[in-house]
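J.: So the sequence lines, in the order shown, correspond to chains A and B.
Per the numbering used here, residue 74 is the first one in the first sequence, and the count goes up by one each step.
Per the numbering used here, residue 10 is the first one in the second sequence, and the count goes up by one each step.
The set of hints was computed from the structure by calculation and includes no laboratory data.
Careful: at least some of the hints might be erroneous.
With a straight-line cut-off of 30 Å between C-alpha atoms, the simulated DSS-like cross-links for lysine-lysine are [what the hints assert, rightly or not]:
1. A:Lys364 x B:Lys64
2. A:Lys121 x A:Lys178
3. A:Lys337 x B:Lys301
4. A:Lys122 x B:Lys301
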Amino acid sequence: MLQMEQTRREDAMNEESILKIEDLHVHFQTDLGISRALNGINLEIPNKKVMGIVGESGCGKSIMALSIMQLVPPPGRLSSGRIILRQYKPEPRLVEVSALGRHSKEMRAIRGGQIGMIFQEPMTSLNPSYTIGDQIAEAVLLHHTDSKQQALNRAVETLDKVGMPSPHEVVNRYPHELSGGMRQRVMIAMALSCSPSILIADEPTTALDVTTEAQILDLIRDLQAELGMTTIFITHNLGVVAQMCDNVAVMYLGRVVEQGPVVKLFYEPLHPYTKALLNSIPRIGSSQKGKLQPIHGMVPDPYAKVIGCPFHPRCNNSKPGVCDKEVPAFTSISEDHSVRCFLYSDEVEQDDGI
Amino acid sequence: MTVSSMNPQKNGNEFRADTILEVRGLKKYFPIRSGFLRRATSYVKAVDGINLFVKQGETLGLVGESGCGKTTAGRTIIRLLEPTEGEIFFKDRNQGWIDLAKMSRYDLMPVRSQIQIIFQDPNSSLDPRMTVERIVGEPLRINHTVPRSEVKDRIAELLRVVGLRPEYMSRYPHAFSGGQRQRIGIARALALNPSLVICDEPVSALDVSIQAQVLNLLEELQERLNFTYIFVAHDLSVVEHISDRVAVMYVGKMVELAQTSELYMQPLHPYTEALMAAVPKPDPLRRDRPIKLPGEVASPANPPSGCYFHPRCRYAKEICAIETPEFREVKPDHFASCHFAGELQLRGVLG
């Protein structure tokens with residue numbers, strides 16, 4: 074029985090993928106109704122590549138990251154779907170992350186050990202009352218060693234790796250003594266301290282200035298190449314996506330609406346939402362003085378259930394009678410480029426009616 | 010009101026014909042107090058002697074990294090903060106040129122309605138306990154510009170101008186989305202029909218698709234109502250899009266000021282060059298970034314000697330650590346404060 078289960082999962086995942094998300098639904102049951110944060114996400118993350126997740130606030134990109142880590146805050150609940158991780162250490166196998174208990178031993182080993190995460194705002198993610206060294210060592214002690222001294226040495230090593238000047242002194246400092254860019258380096262060091270195979274970076278540069286942002290992006294890119302990590306890069310900044318990612322998934326209202334290699338996405342975007350996003354940003358150096366083309370309307374509130382394609386109320390190509398009735402299925406247009414839109418396919422997604 | 014503040018022309022001051030605001034040597038120092046008597050032991054030089062002029066009807070972009078003093082400069086210009094030193098000449102509709110820096114609070118009152126500000130974060134700049142009607146109507150009621158019976162009518166008109174429905178007047182700010190809240194803030198700034206509007210990071214808290222809506226609105230309003238904007242922001246692509254001229258600040262000092270396209274294509278200051286190069290370009294085929302800026306912004310409480318930028322500057326020479334460069338007109342209408350401005354071959358935003 075176990076053997077059968079194993080083979081079924083093997084079949085379900087591409088050899089070159091490290092993480093697969095299958096029809097993932099995450100719902101928040103609140104007094105105001107059900108908020109459908111994730112509404113059927115299908116995503117395969119290729120190994121040793123940088124996968125970008127783009128979308129506006131409220132599209133569910135952070136919740137997706139948190140559900141991979143099993144950290145969705147209550148009342149959020151993973152109501153259906155699976156998340157499968159390919160584990161390389163200690164022996165290669167597939168693990169269904171979504172089936173593990175949040176507090177199970179196995180999940181705790183994956184969280185921080187196999188998958189590291191960098192959060193957006195370093196000041197709120199670092200504990201102000203512990204030294205930098207203690208905070209990095211905490212993760213190392215949990216996953217790798219029992220010796221405090223070894224853990225601290227490891228903290229110094231990782232701080233050095235992330236380009237922190239005089240790491241020996243920094244381990245004894247507190248977060249408030251560092252600048253924003255340096256704090257973000259500490260966050261990266263923390264995520265890397267246990268040599269994870271996947272790094273999730275949730276808006277790692279949004280709170281930083283452009284020059285610091287450029288430094289941090291360089292650092293993540295260098296580390297990614299050096300350590301051969303898979304990186305999931307979550308951001309709303311299309312410039313950052315263009316500079317950092319190999320593949321991109323565009324999200325809107327809890328669904329992936331388009332996915333493909335970064336160059337295709339910027340040069341041959343398919344989904345009207347992707348096109349609209351690209352048209353709405355001012356581009357540096359273009360000296361265009363014309364009007365920007367904003368997307369009209371706004372993201373609907375999370376409790377409203379939009380019937381039909383979630384983007385149709387704001388879409389310029391929306392077909393009445395089609396787009397406002399059914400949800401388009403996520404279909405491949407070419408080998409590596411998929412889109413969820415009735416302009417390209419008539420296929421309808423079976424709505425489970427939740 | 011003193012004579013000098015009313016008619017500075019008579020004291021030998023000359024102004025460019027088409028300007029509305031001229032700032033000379035403006036300084037804003039915040040004291041660092043310590044000890045039992047809380048004496049000022051040193052100062053954070055947030056704005057350290059800036060010069061700029063703003064032409065009627067234009068948009069002047071003010072850019073720089075956080076802590077460079079751009080917001081403090083904007084707030085000191087409209088006297089939300091008291092200037093430490095310097096002159097702020099503003100062309101008043103009724104009195105002509107006046108020096109805002111030297112006026113008393115009482116004398117300032119009639120001038121205030123002509124200069125308004127739009128704040129960065131609409132969540133903290135709108136009172137959650139006031140309805141939209143009270144928020145937008147407050148400046149009208151205080152200044153008695155509209156008869157009481159017509160106030161409501163004027164509020165409805167203002168809301169329509171910024172693209173909100175007048176029916177929403179009785180709602181509270183929490184009932185609106187981020188973009189709509191920013192529109193309420195804009196309606197409040199418009200209420201008194203100002204001639205100069207300071208926009209302090211008006212779109213940085215908004216999503217990209219909403220950002221474009223608000224930027225377009227600001228541009229439309231400028232065309233229709235002939236506003237002059239000082240647009241404070243850190244996003245260089247947004248500033249390039251909206252500004253006619255751009256001023257770059259670094260640690261409280263003005264580093265460069267020029268026409269937008271000239272500044273972006275042919276910068277004269279190494280800091281401007283590095284800043285442009287750092288912007289992530291939304292083009293996956295252009296990943297090269299030849300110029301990397303090491304280190305961090307200097308602290309305005311303890312700035313380096315000479316040119317504040319010299320420890321991070323790749324062109325720095327001996328003189329840069331010793332002498333503070335002057336902010337000078339290197340080319341017509343192109344100002345820069347670098348000892349070697351005009352001599353260096355710097356890359357513009359297109360490389």
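J.: Does each hint hold? Answer for all of them.
T.: Evaluated hints:
| no. | hint | result |
| --- | --- | --- |
| 1 | A:Lys364 x B:Lys64 | 22 Å, holds |
| 2 | A:Lys121 x A:Lys178 | 26 Å, holds |
| 3 | A:Lys337 x B:Lys301 | 28 Å, holds |
| 4 | A:Lys122 x B:Lys301 | 24 Å, holds |
Hint check: no violations occur; every hint is consistent with the structure.
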